[in-house]
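With full-length UniProt numbering, the residue at position 27 of the sequence shown is 27, and numbering never jumps.
I should point out that these hints are in silico values taken from the structure, not numbers from a laboratory.
Worth double-checking, as some hints may not be accurate.
[Unchecked claim] What follows is a list of derived Cβ distance ranges for each label pair:
| id | residue 1 | residue 2 | range |
| --- | --- | --- | --- |
| 1 | L11 | D55 | 21 to 29 Å |
| 2 | N23 | E54 | 23 to 31 Å |
| 3 | Y29 | D59 | 44 to 52 Å |
| 4 | L48 | L16 | 30 to 38 Å |
Yeah, the Cβ is synthetic: ideal placement off N, Cα and C, and Gly gets one too.
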Amino acid sequence: MLIRLITVISLILFMLLMISGVNIEVALYRSMLTFMILFAVVYISIFLLNVLREDQNSDGMSMPNGGSTSNANGEG
């Protein structure tokens, strides 16, 4: 879904550049550069979100008592 959105944005940019009278090589270069930048940002953000999610899951498994260290008598 995201790759389609990025592709549509790049194609719209290419179309607008061609309508405005920019040389075809420049328009193609700019639209490809836009596609690569958007793709890289989305890819890196998804990767970082997965890293954060795994980190939160591992923290939750290491403390099953919710971080409480007191014993049954309430001492701790």
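Quick rundown of the hints versus the structure:
For L11 and D55, the Cβ-Cβ distance of about 37 Å falls outside the hinted range of 21 to 29 Å, so the restraint is violated. The beta-carbon spacing between N23 and E54, approximately 46 Å, falls outside the hinted interval of 23 to 31 Å. At about 45 Å, the CB distance of Y29 to D59 agrees with the hint of 44 to 52 Å. Checking the proposed 30 to 38 Å range against L48 and L16 shows it holds: the Cβ atoms sit about 31 Å from each other.
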